[in-house]
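Number of protein chains: 6
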Amino acid sequence: MKRAIQKAETLVEALPYIKEFSGSTIVIKYGGSAMNDQDLRESTLKDIVLLKYLGMRPVIVHGGGKHISELLKQVGKEVKFLDGLRVTDKETMKFTQMVLAGQINKDMVSDIHKAGGKACGLSGKDGHLLEAKKMDSGSKDYGFVGEITQVNTELIDLVHSGGFIPVISPIAVSAEGDSLNINADIAAAEIAIALNAEKIIYLTDVNGILRNVDDPTSTISHLTPSEVEVLDKEGILNEGMVPKMKSCIRAIKLGVKKVHIINGTTPHSMLLEIFTQSGIGTEIVA
Amino acid sequence: MKRAIQKAETLVEALPYIKEFSGSTIVIKYGGSAMNDQDLRESTLKDIVLLKYLGMRPVIVHGGGKHISELLKQVGKEVKFLDGLRVTDKETMKFTQMVLAGQINKDMVSDIHKAGGKACGLSGKDGHLLEAKKMDSGSKDYGFVGEITQVNTELIDLVHSGGFIPVISPIAVSAEGDSLNINADIAAAEIAIALNAEKIIYLTDVNGILRNVDDPTSTISHLTPSEVEVLDKEGILNEGMVPKMKSCIRAIKLGVKKVHIINGTTPHSMLLEIFTQSGIGTEIVA
Amino acid sequence: MKRAIQKAETLVEALPYIKEFSGSTIVIKYGGSAMNDQDLRESTLKDIVLLKYLGMRPVIVHGGGKHISELLKQVGKEVKFLDGLRVTDKETMKFTQMVLAGQINKDMVSDIHKAGGKACGLSGKDGHLLEAKKMDSGSKDYGFVGEITQVNTELIDLVHSGGFIPVISPIAVSAEGDSLNINADIAAAEIAIALNAEKIIYLTDVNGILRNVDDPTSTISHLTPSEVEVLDKEGILNEGMVPKMKSCIRAIKLGVKKVHIINGTTPHSMLLEIFTQSGIGTEIVA
Amino acid sequence: MKRAIQKAETLVEALPYIKEFSGSTIVIKYGGSAMNDQDLRESTLKDIVLLKYLGMRPVIVHGGGKHISELLKQVGKEVKFLDGLRVTDKETMKFTQMVLAGQINKDMVSDIHKAGGKACGLSGKDGHLLEAKKMDSGSKDYGFVGEITQVNTELIDLVHSGGFIPVISPIAVSAEGDSLNINADIAAAEIAIALNAEKIIYLTDVNGILRNVDDPTSTISHLTPSEVEVLDKEGILNEGMVPKMKSCIRAIKLGVKKVHIINGTTPHSMLLEIFTQSGIGTEIVA
Amino acid sequence: MKRAIQKAETLVEALPYIKEFSGSTIVIKYGGSAMNDQDLRESTLKDIVLLKYLGMRPVIVHGGGKHISELLKQVGKEVKFLDGLRVTDKETMKFTQMVLAGQINKDMVSDIHKAGGKACGLSGKDGHLLEAKKMDSGSKDYGFVGEITQVNTELIDLVHSGGFIPVISPIAVSAEGDSLNINADIAAAEIAIALNAEKIIYLTDVNGILRNVDDPTSTISHLTPSEVEVLDKEGILNEGMVPKMKSCIRAIKLGVKKVHIINGTTPHSMLLEIFTQSGIGTEIVA
Amino acid sequence: MKRAIQKAETLVEALPYIKEFSGSTIVIKYGGSAMNDQDLRESTLKDIVLLKYLGMRPVIVHGGGKHISELLKQVGKEVKFLDGLRVTDKETMKFTQMVLAGQINKDMVSDIHKAGGKACGLSGKDGHLLEAKKMDSGSKDYGFVGEITQVNTELIDLVHSGGFIPVISPIAVSAEGDSLNINADIAAAEIAIALNAEKIIYLTDVNGILRNVDDPTSTISHLTPSEVEVLDKEGILNEGMVPKMKSCIRAIKLGVKKVHIINGTTPHSMLLEIFTQSGIGTEIVA
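Chains as they are written, first to last, in our numbering: chain D, 1 to 286; chain Z, 1 to 286; chain R, 1 to 286; chain H, 1 to 286; chain W, 1 to 286; chain B, 1 to 286.
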């Protein structure tokens with residue numbers, strides 16, 4: 001009985017947070033182990049369904065690099081990267097779209113239903129949700145890698161209004177109707193900006209931004225955009241973090257209230273971030 | 001950190017219950033120590049505010065016998081009871097209304113705001129919410145004690161639609177416009193019937209219905225209406241329980257799904273009842 | 001038959017006024033004989049119900065000093081006044097609230113139903129309708145007497161939208177959740193300002209503002225805010241009128257179109273004021 | 001002042017009637033002196049505007065025989081009647097439509113605006129409001145005289161919803177698209193049936209149905225449909241009354257609550273009928 | 001089969017135009033042979049019904065000079081013109097209103113129903129749609145000829161919202177309630193301005209504005225307001241065109257996107273103008 | 001010009017059909033050359049966009065067997081069929097879903113935008129649109145091939161309400177959350193039944209149902225369900241047609257008005273079917 005009472009107390013302690021975030025849009029960049037490990041995945045999706053029931057408006061933007069590489073290997077296509085970006089020829093783009101929009105997205109939708117929620121999978125092609133142009137990078141040619149030029153939120157709002165959680169594959173459409181591959185971190189940030197979101201949560205496999213990459217306990221818990229820029233100059237941010245950080249700073253400057261980089265392998269890390277003052281991971285605030 | 005994770009797990013465990021009761025009307029008969037003890041009161045009202053934020057529609061019906069007796073003593077009126085009912089002359093009725101609708105009701109509304117919610121206090125006179133006639137009891141004269149003839153739920157629905165928790169004083173209005181005193185247990189049941197409520201929760205100072213009045217651990221956890229009638233015949237129900245039980249049976253027969261009699265002195269007893277399978281108190285189900 | 005035709009003509013004569021005030025909010029400060037005398041009370045409430053049916057939005061703010069004093073006497077509390085304000089200790093405040101929100105308010109609601117309308121009683125605690133702080137008066141201590149800091153009209157609008165006449169007790173809530181006693185004249189003015197009302201009607205026991213207090217026929221029929229200030233300097237306003245007048249001037253300056261001070265003991269004085277050009281009482285216009 | 005108070009009392013006396021008929025549809029067959037005499041016309045239209053402001057839904061169906069005959073004379077067409085019905089050849093129908101829908105209808109709309117209301121003129125051709133077929137009368141040929149087969153109330157409801165009083169010319173459209181002349185008394189009854197009206201008021205130049213045609217004071221104040229049939233058999237109804245009465249009985253049988261035949265030359269006769277118990281004219285009730 | 005396929009292609013070719021004008025308001029000044037010739041009339045009305053079904057909001061403003069003159073002759077009234085304007089005494093105005101609002105308007109409404117649509121006929125008197133004052137022309141007296149002072153679009157919007165095509169007679173109402181005759185070309189332009197219309201289409205009997213009046217093939221296909229002014233100075237516009245052109249320029253300046261002057265005797269000229277790039281008639285664009 | 005006029009006439013001829021099908025739901029089973037041939041595909045999607053603009057509610061259900069087989073070959077999986085059904089092991093199902101929901105669906109959505117419309121791609125997993133169980137076929141094991149048990153239309157209605165054309169991949173979800181492969185013909189029929197559709201159009205590569213398979217001109221233009229059953233018994237239906245026909249009969253019996261089997265390689269065949277009386281292909285009507 002005592003345990004039951006403690007549990008009830010926990011619910012009550014969540015009340016101020018439930019009040020505060022009621023009606024807020026929270027964009028979740030979903031990837032890494034939290035997505036690929038079966039148990040973590042179930043637990044994470046349940047957490048997201050809970051957010052929806054508690055009155056928030058979660059929006060999921062997922063990645064899927066690992067699965068794409070797997071399929072490419074299976075069909076005998078070489079996997080090429082240039083400056084951390086996947087070089088994407090027409091056929092690679094086709095397989096990328098298949099994996100993101102056909103496999104990962106739809107399986108996630110199913111899993112959300114299993115977790116007790118309702119979801120609708122979308123790609124950036126549906127309702128021209130993400131419009132982009134080919135990335136312009138001087139002499140280098142990344143192929144069908146895009147830079148977002150416009151986010152059309154109409155379909156996200158529609159899906160939310162019907163009680164569904166939108167799950168978005170980071171594939172954009174060009175003016176010519178071609179598919180373009182978009183970095184999921186950047187897609188999440190741009191979608192958050194367009195939705196005027198309360199926060200972006202990046203579910204990663206690390207404990208936020210580390211002062212010392214080799215020391216997982218050296219998390220910097222609080223940063224301002226200008227402090228991030230200093231870290232970047234000092235070379236403390238690793239290669240993968242740089243584009244994520246650039247988007248974050250842009251998002252903060254354009255009205256998103258907070259960005260969180262948290263470790264998705266910690267159970268319920270997202271709930272901890274939203275409903276407690278534990279302060280896990282790194283938060284970036286203006 | 002581990003404790004924080006356990007807390008998050010507790011939230012997730014509540015998800016199926018949140019889903020189940022989302023949108024349900026829950027009538028709470030509020031009285032006893034849960035109302036009169038300052039700490040329990042704060043905690044109980046916070047629980048009710050939480051229910052509202054979790055998507056339920058709580059309706060509070062409060063009592064206040066103790067406070068009425070206090071005021072009567074202060075003004076030098078004798079307190080008389082007949083068959084467990086307060087004999088209510090015109091002046092007693094006036095003081096009863098003052099205490100219920102003017103003091104207890106409005107203070108509770110304030111306390112709900114303090115607990116983070118929004119509330120609107122109503123009496124059965126507002127919008128003719130409770131219409132009644134004088135109780136017909138043969139030769140005995142209870143004075144201005146009423147029997148409900150009609151519940152008009154329009155104002156309750158209006159108040160809910162605006163996001164307010166309705167707090168109702170059990171005072172009815174007669175066809176002549178007189179105030180009539182209504183037993184709060186019965187008022188709660190009649191209101192629940194009219195609202196087609198999911199459940200009625202009676203917050204009492206005992207652990208539900210006891211098989212042996214002298215043994216507080218002899219709670220009968222589950223009863224059907226017909227089993228209640230058997231208990232009544234066997235004389236196991238004490239005097240205060242009988243009218244409550246009659247209303248309960250009527251409510252169950254007219255569509256209310258469940259009635260719970262729980263101990264309001266147990267912290268968060270209401271949440272335990274709704275969000276766990278702990279099974280506290282007595283539940284009556286068809 | 002001729003009399004019947006004359007009656008019909010009267011209805012038709014009211015048409016331009018019905019058109020003019022259709023949809024307008026009219027705040028009525030209700031007190032004095034119009035409230036306390038049984039016959040006048042019935043007649044006045046019927047007039048207010050008529051306004052509602054003719055498409056206006058009447059809002060009643062009532063007083064109740066006489067009844068408060070009565071109860072205080074009954075429980076043996078001394079009644080103290082300082083500069084025309086009731087010195088209100090904690091217990092006095094409790095009794096004040098009981099009388100206003102529990103007795104007068106709810107009985108008035110009942111009487112409005114008897115008169116053919118629908119009403120909902122509210123206090124400033126419901127939905128935090130009236131927020132206030134303790135009156136700051138240098139060294140003097142009036143106790144729980146408040147100064148309004150915020151009017152939240154949400155609940156008034158909700159009640160009106162449901163077809164109910166809102167009846168408001170002038171009790172406010174402090175930031176700490178305490179009840180504070182508010183001068184009903186001032187409460188009426190502040191509520192009218194917040195609702196952007198067309199007019200405030202003060203039902204008093206005198207014929208408006210008199211040039212000569214001893215001559216009840218010396219009514220000044222028309223005043224501007226600056227003329228009121230001149231009267232005040234000349235000492236022509238009596239003590240009770242001064243705070244009322246200050247609120248009126250504030251209301252006029254903040255957008256209320258007209259303030260009327262009329263004699264509630266004249267039958268149908270309110271209707272005369274609204275539906276005829278008889279010009280009774282005093283009107284204050286920018 | 002005393003007169004002013006009496007006027008106010010008159011308004012209050014109307015309250016129960018205003019309540020009773022709030023939201024009710026009242027079809028007014030408008031013709032005779034009440035329409036053709038300038039002063040009576042102004043007064044009658046003001047009465048109708050008042051009904052609208054008091055929350056009722058008046059629908060005007062007008063006649064215009066006199067004006068039609070005038071125009072026919074002016075253009076040198078012979079006016080022919082057969083069994084009380086105007087024999088209507090194609091050209092006569094054209095002139096009839098011009099007068100009803102172009103002259104009387106639109107002038108009435110203007111006059112309603114002058115009287116302080118808003119109106120929209122309609123004919124049975126607009127939105128196919130009145131569909132009819134040629135009257136089938138054995139060997140007799142009345143020409144373009146129609147019998148209503150269908151009333152489409154969509155446009156009446158639309159016009160009401162916008163706050164306009166619908167003013168209807170009794171011209172119908174045949175399946176072939178031809179205009180057909182409809183008896184205005186019958187049109188009023190059929191429209192009332194289709195709208196499920198509360199009452200039909202026939203404004204005539206007589207004091208209702210008279211027991212003795214030569215004695216204008218011999219009004220029968222109350223009749224049931226079966227009593228009307230008896231009167232008809234006894235030959236007490238005059239020729240003009242017979243079709244009106246047949247429609248009335250049909251209307252009563254199909255759900256219209258009351259039919260009133262009143263003298264439109266009595267000032268405010270309609271208001272007297274609705275707002276007093278004076279009992280003018282004849283009422284027919286099931 | 002091949003022909004059928006060509007037909008289907010035609011539908012598909014219309015798609016970009018359907019998209020472009022979906023939801024647009026198009027005011028059609030309807031007169032001349034397109035109105036008076038039976039076959040052209042049927043065909044033109046069908047075209048308008050089609051526009052409505054394709055998602056546009058057509059508004060018809062009709063003329064009727066020919067019919068007015070006919071009736072005037074029939075009743076023996078002299079027809080007088082002064083500077084191209086019909087001199088309109090009170091009686092002439094009465095006949096003008098009869099013909100426009102009673103005959104032409106209602107017959108057109110019927111014909112629209114025959115063509116498969118739904119319509120509601122309105123005059124400028126209904127809902128005070130067109131308010132005007134007597135034309136002020138120095139010493140000349142045109143009688144009841146008006147100049148529009150205000151367009152009230154409420155009734156047009158209401159009628160559209162119900163799915164009906166509004167058909168408007170160019171008769172206005174003066175401040176005194178008199179009817180005033182309005183030039184239909186001007187009425188169309190003013191209504192288009194008030195509705196913020198996409199385009200005005202003038203259905204005439206000529207091929208637009210001709211460079212050489214005697215050469216029907218000398219149509220000027222595109223003009224700006226300033227070019228029109230040059231044409232006017234050069235005396236190339238004929239007398240009838242001048243007022244039309246003045247209104248057009250005013251309309252373009254006040255936000256109407258395009259004005260088209262087309263030949264209504266060309267079958268489906270309106271559809272050609274809207275759905276093809278054939279470029280018939282003259283278009284005036286800012 | 002003459003050609004332009006003929007085109008306009010074509011639009012007008014379509015009016016009765018536009019009226020008839022305005023607001024109707026039309027389910028299109030989309031496959032074969034109309035989907036795979038680039039030119040036919042563009043033309044067909046434009047036709048569907050046109051239907052949407054003309055006020056209908058098209059719903060696309062697509063197939064994709066050819067593309068699935070291609071991918072399977074590319075990854076080196078054997079393609080197996082049993083009784084005309086693809087034997088679908090877990091991995092085949094994964095690739096099937098990738099191709100249908102990730103490639104074909106999203107590319108089609110893009111192409112609809114190119115054609116001037118707005119679309120949203122859905123699979124049966126989104127919003128649990130299609131729930132199914134494994135096909136029960138005695139001893140035979142088809143693997144993850146499903147039989148629809150429930151169609152949840154909520155998401156289709158939502159997408160339509162936002163102005164988007166729903167494009168559906170025939171993949172269902174089992175009670176365990178597994179993906180199941182559904183025959184697209186059957187999926188189209190079940191979705192049509194659930195939506196209470198007006199018609200189902202099967203776009204095939206043949207001229208409907210042929211009396212003689214070897215004679216493409218032997219189309220049977222009209223069939224009733226019972227005639228189809230006769231054809232089936234006579235062995236005239238080929239293997240691919242049998243399941244399609246069973247679904248069609250079921251759909252007709254459950255309220256779908258008409259089923260059309262038409263040749264998608266004929267340009268605009270769908271428009272011909274809807275907007276002309278040419279009578280192409282086979283129609284099945286109750």
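Please keep in mind that the hints were generated in silico from the structure rather than gathered at the bench.
Incorrect hints may have been included.
[To be verified] In the DMTMM-like style, the derived pairs of lysine to aspartate or glutamate whose C-alpha atoms are separated by at most 20 Å in a straight line are:
no. : chain 1 : residue 1 : chain 2 : residue 2
1   : B       : LYS118    : D       : ASP157
2   : H       : LYS90     : H       : GLU78
3   : H       : LYS118    : W       : GLU20
4   : D       : LYS114    : D       : ASP37
5   : H       : LYS90     : W       : GLU70
6   : B       : LYS19     : W       : GLU70
7   : H       : LYS19     : Z       : GLU154
8   : R       : LYS94     : Z       : GLU229
9   : W       : LYS114    : W       : GLU9
10  : B       : LYS114    : W       : GLU9
11  : Z       : LYS118    : D       : GLU20
12  : H       : LYS114    : H       : GLU227
13  : Z       : LYS73     : R       : ASP215
14  : D       : LYS80     : D       : GLU70
15  : H       : LYS2      : R       : ASP205
16  : Z       : LYS233    : Z       : ASP205
17  : Z       : LYS258    : Z       : GLU229
18  : H       : LYS134    : H       : GLU70
[To be verified] Some chain D residues near chain B, calculated using beta-carbon distances under 10 Å:
no. : residue
19  : GLU154
20  : GLY162
21  : GLY177
[As the list claims (entries may be wrong)] Here are a few chain Z residues that sit away from chain D, every Cβ distance over 12 Å (derived from the structure):
no. : residue
22  : GLY117
23  : THR153
24  : ALA194
25  : LYS233
26  : GLY235
27  : ALA286
Glycine included, each C-beta is placed from N, C-alpha and C at the ideal position.
Hints, verified against the model:
1. B:LYS118 to D:ASP157: 15 Å, holds
2. H:LYS90 to H:GLU78: Cα-Cα ~13 Å, so holds.
3. H:LYS118 to W:GLU20: 36 Å, violated
4. D:LYS114 to D:ASP37: Since the Cα atoms of D:LYS114 and D:ASP37 sit roughly 16 Å apart, the hinted pair holds (cutoff 20 Å).
5. H:LYS90 to W:GLU70: Holds, at roughly 17 Å.
6. B:LYS19 to W:GLU70: Violated. B:LYS19 to W:GLU70 sits at ~38 Å, over the 20 Å cutoff.
7. H:LYS19 to Z:GLU154: 19 Å, holds
8. R:LYS94 to Z:GLU229: 43 Å, violated
9. W:LYS114 to W:GLU9: 28 Å, violated
10. B:LYS114 to W:GLU9: The hint holds at about 18 Å.
11. Z:LYS118 to D:GLU20: OK: Z:LYS118 and D:GLU20 at ~15 Å, within 20 Å.
12. H:LYS114 to H:GLU227: 41 Å, violated
13. Z:LYS73 to R:ASP215: 47 Å, violated
14. D:LYS80 to D:GLU70: Between D:LYS80 and D:GLU70 the Cα gap is close to 13 Å, so the pair holds against 20 Å.
15. H:LYS2 to R:ASP205: Given that 20 Å is the threshold and the Cα spacing comes to 18 Å, the pair holds.
16. Z:LYS233 to Z:ASP205: 24 Å, violated
17. Z:LYS258 to Z:GLU229: 16 Å, holds
18. H:LYS134 to H:GLU70: Violated, at roughly 25 Å.
19. GLU154: 7 Å, holds
20. GLY162: Holds, because the Cβ-Cβ distance from D:GLY162 to chain B comes to roughly 4 Å (cut-off 10 Å).
21. GLY177: 5 Å, holds
22. GLY117: 9 Å, violated
23. THR153: Given a closest Cβ separation of 25 Å, the condition holds.
24. ALA194: 28 Å, holds
25. LYS233: 32 Å, holds
26. GLY235: 30 Å, holds
27. ALA286: 26 Å, holds
In the structure shown, a violation is registered for the earlier hints numbered 3, 6, 8, 9, 12, 13, 16, 18, 22, in ascending order.
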